[in-house]
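Chemist: Position one of the sequence shown corresponds to residue 250 (my numbering), numbered consecutively onward.
Derived by calculation from the structure, the hints in this document are not laboratory data. Hints are all accurate, no fakes.
When the alpha-carbon atoms are kept at most 27 Å apart in a straight line, the in silico DSS-like pairs for lysine-lysine are as follows:
(1) Lys-429 <-> Lys-254
(2) Lys-341 <-> Lys-258
(3) Lys-254 <-> Lys-341
(4) Lys-429 <-> Lys-258
(5) Lys-429 <-> Lys-257
(6) Lys-257 <-> Lys-341
(7) Lys-341 <-> Lys-429
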Amino acid sequence: MNNSKWYKKGIIDGIPIALGYFAVSFTLGIVAAKAGLTAFQALIATGLTNASAGGYAGFEIIAEGGGYIAMAVSQLIVNARYLLMSASLSQKLAPDTSVLNRALVAFDVTDEIFGISIAVNGRLNPFYNYGAMTVAIPGWALGAFFGVIMGDILPGSLVSALSVGLYGMFLAIIIPPARKNRVIAFLVTVSMILSFAFSKLPLLSEISSGVRVIILTVAISFAAAILFPIEEEADE
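Can you make the complete structure from the sequences, with help from the hints?
Modeler: Structural data, given as structure tokens:
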């Protein structure tokens, strides 16, 4: 496929993500409003930082009057898992992909966009990510924008229900490949069990969620590479 077709495919695959982002970031907009941000400020902040946990952490620090160092450290820890995702996607791209294209792809490596990108057969074309980003970023930013405006109008039960959309997106990403591959289904199940255990065990539960994700990702990926090796896909 040429770049145009990859771009259109990315848009189509990114529409469900954008809709889910809109619902989830609506609650993020409420947090931004409580931190004293205007709707426009929330729009810019979420448009440039497309991260749920990072966004919540950032707005909480703003609300508490935290400094730049606290903001930088918190974002590094909370969003550290994206370093692993970017490293994985870099291997998915063709070796001759320019630094500019790699940087643009890395700008919006979210859990959901990573999920659909890593599932692409063969090499990943950057324009696929551009297409997904074209709809995903506005969906996230506009959700926060309207969350600031309408957060005080809608009933709390409805606002809380909107956050369920995030789990729906994760299920939509992991179920199709898990149904096709028993190894993936097994690894997903193990990941869920260990993630739950890490959040409940006395010492491990004190570790930040971002660091726990990194530990589990590295450990499970390493074990899977040894126990279930696969041949490298030929370039299309």
